[in-house]
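Residue numbers (our numbering), protein chains in the order written: chain V, 1 to 401; chain S, 1001 to 1253.
Mixed in with the good hints, there may be bad ones.
[Claimed, not checked] As a list, the in silico EDC-like pairs of lysine to aspartate or glutamate whose alpha-carbon atoms are at most 16 angstroms apart:
(1) K1058(S) - D342(V)
(2) K1003(S) - E1071(S)
(3) K1058(S) - E343(V)
[What the hints assert, rightly or not] Across the chosen pairs, the derived CB separations fall in these ranges:
(4) L1119(S) - R389(V): 23 to 31 angstroms
(5) L53(V) - E1021(S): 30 to 38 angstroms
(6) D311(V) - S1176(S): 50 to 58 angstroms
(7) E388(V) - G1147(S): 21 to 29 angstroms
[Stated by the list, open to error] Some chain V residues judged to face chain S by a derived CB distance under 8 angstroms, without partners named:
(8) P235
(9) G236
(10) S238
(11) E343
(12) D355
(13) E357
(14) V362
(15) E364
(16) F366
Simulated from the structure, these hints should not be mistaken for laboratory data. Don't be surprised by glycine CBs; every beta carbon is placed ideally from N, CA and C.
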Amino acid sequence: MTVTQTPAETVAGAVEAAPGAQIESHLNPPPSYDLGDHPAPTGREEIWRFTPLKRLGGLLEAPASAPVDLGWAAAGDALPAGVTLTTVSDAEARELGEVPPNDRPSALVVEHADVVRLLDVPAEAELDEPIVLDLRGTSAEDVSLSRTIVRIGRFAQATIVLLHSGSARHSALTSYLVGDGANVTVLTLQDWDDDAVHLGRDAIRVGRDATVRHAAVTFGGDLVRLNANVEYDGPGGSAELLGLYFADAGQHLEHRLFVDHNQPRTSSNVVYKGALQGERAHTVWIGNVLIRKVAEGIETYEENRNLVLTDGCQADSVPNLEIETGEIEGAGHASATARFDDEQLFYLRSRGIADDEARRLVLEGFFADLIRKVGVPALEERMTASVERELARTVRAGETA
Amino acid sequence: MSKLEIRDLQVSVDTEDGPKEILKGVTLTIESGQTHAIMGPNGSGKSTTAYSIAGHPKYTVTGGEVLLDGEDVLSMSVDERARAGLFLAMQYPVEVPGVSMANFLRTAKTALDGEAPKLRTWVKDVNGALDRMRLDTAFSARSVNEGFSGGEKKRAEIAQLDLLDPKFAILDEIDSGLDIDALKVVSDGINAFSGRDGKGLLLITHYTRILRYVQPDVVHVFVDGRVAESGGPELADELEANGYDRFLHAPLA
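Let's have the full structure, built from the sequences with the hints guiding it.
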């Protein structure tokens, strides 16, 4: 087991350590529509150094074959009243305020996706049911490029679920433009088959006094690398970024967060929890938070916890806090990677609960709060079942070992 | 009738300086219907005895045996020991975040009985056990021991004792950190358990205070990893009056 983590630091220390006020963020390349600004990575770049580039299946280059559609075309039929799914032109997308790509895969999506889709939730809409987009691939040979704008009108309340299953080489750029005072929950669930590749950039712009909860839940796929980026369009916005991942043998699951506190009195809270099991199961969690000089009175906390279930896994966990003003409410982070707690297992087993059952309970408990926090009751059972299915693999592996 | 026999038990723990011997040959036998108290100064091996019998991985048994009705306890896994009828109430009950007490108790009861408890009576049983320990029934929905006060943790241990109904219970310093009201509640629970047919109790304590409420049949004084002396309840009275000095400063043999 290899673990990299940075110990929590105090705000005061970080302020002193912060370099000159001129920096943007050295951890996050600036967005640009120009593909030339996003050269093919060598693997040594800060943002690529954890990712096995060879396994990206050509998603760093123009697609060799025509991209396939994973189900967006049919998704418009089953939307709640008032919600629309249309296509817009490239120029219209930019006009709408799409967040430009900030890495090569997302720039390639802009360059080569057939269409730009606009999912529109009108202002003041209050949706009782989640909008569920069921995206299924049929072959890891297929390339899917998805460029989407999700616009949540002011004061609207909505839950949007993207279900990814089957197989594909899928690259997506999704902008969430959240209007003032809106309240939105986004759940992206990765239930891919073992050979899928998924690169994603979820770019979230949080309106004034808006509340956004974004959850990335990743079980499947050979390689999944998701960016969730948050910026604010006015003061008072709040973002909660949640994540749950469970990596099996050979899987590379990477979750990268960037919260750009570019407005005062905004808040962010990040909680990602992961479990790893099996040879060369690899997870990466990067939690970047930038507090700009203008961002007075903000509050941010980020936390990543990993539970390593077997030998041969690697959990990389890197929280980064860049602070350009000390006039804030609070900033902190925590990162911990551990094995099962022997004391917890002993306690449960001393009550007669068999070892595998005790592990199941502890792991279920580890994820339970998070699954509840995701706040999509319709999907809770599915997520819990996925956790249990994943764990059943270790238990079986343990029996044969 | 059941019998728990501890014979010449020797136990060590790993330390930075290598293995350290804690128990140097402990022998005692508890029969069902009896309450034994183990007393002794800090570091005398009281808790080590408890955790070794329960099978905590930190302790290595280097000699001796533990038999429950003639069955070799030390060859059993931790959960097998519980299913054989042993229960350990811990001095520091462990928090298990995200696992509700209700789920935990039902899972434990199912494991012990080999079948799930009947839903209707079980909920009533759980609420009754919590109520007897002056714990709100809302505790069912809380994570195991998480955020419980010290006293609540101890009372929750006794509620488990009540519900899981083992043959032999080992209570490790169940009285430490309890105020007098909580001590009485906990003692009532212990007495209710030991009043059932065929139950044996091993009560480990640093203080004599709890022995005013829970009457031991036999008192063992532990010193330096051995039973230094065993006797009736009057031995506890003597300790109450004189402390452990007589045992600690005994002339070298």
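Now the hints, each set against the structure:
For the given pair, K1058(S) sits about 9 angstroms from D342(V) by alpha-carbon distance, which is consistent with the 16 angstroms threshold. The suggested pairing of K1003(S) with E1071(S) holds, with an alpha-carbon distance near 10 angstroms, which does not exceed 16 angstroms. Only pairs whose Cα atoms come within 16 angstroms are accepted, and K1058(S) paired with E343(V) is accepted, the gap being roughly 10 angstroms. Our hint of 23 to 31 angstroms for L1119(S) and R389(V) holds, since their Cβ atoms are close to 26 angstroms apart.
In this structure, L53(V) and E1021(S) break the distance hint of 30 to 38 angstroms, their C-beta atoms being roughly 56 angstroms apart. Taken as a hint, the range 50 to 58 angstroms is violated for the pair D311(V) and S1176(S), whose Cβ atoms sit roughly 38 angstroms apart. Taking 21 to 29 angstroms as the suggested C-beta distance range, the pair E388(V) and G1147(S) conforms, at roughly 26 angstroms. Because the closest C-beta pair between P235(V) and chain S is about 34 angstroms apart, greater than 8 angstroms, the hint is violated.
Because the closest C-beta pair between G236(V) and chain S is about 31 angstroms apart, greater than 8 angstroms, the hint is violated. For S238(V), the interface hint is violated, since its Cβ never comes within 8 angstroms of a Cβ in chain S; the closest pair sits about 24 angstroms apart. For E343(V), the suggested interface contact is upheld, since its CB lies about 5 angstroms from the closest CB of chain S, less than 8 angstroms. Restraint check, D355(V) versus chain S: the minimum CB separation of about 7 angstroms is within 8 angstroms; hint holds.
Annotation: E357(V) was flagged as interfacial toward chain S, and the flag holds, the nearest CB pair being 7 angstroms apart, inside 8 angstroms. Taken as an interface hint, V362(V) checks out: its beta carbon lies about 6 angstroms from the nearest beta carbon of chain S, inside 8 angstroms. A hinted interface residue such as E364(V) counts as satisfied when its beta carbon comes closer than 8 angstroms to some beta carbon of chain S; here the least separation is about 7 angstroms, so the hint holds. At about 6 angstroms, the closest approach between the beta carbon of F366(V) and any beta carbon in chain S falls short of 8 angstroms, and the interface hint on this residue holds.
Checked against the numbered hints above, the structure breaks hints 5, 6, 8, 9, 10 and satisfies the rest.
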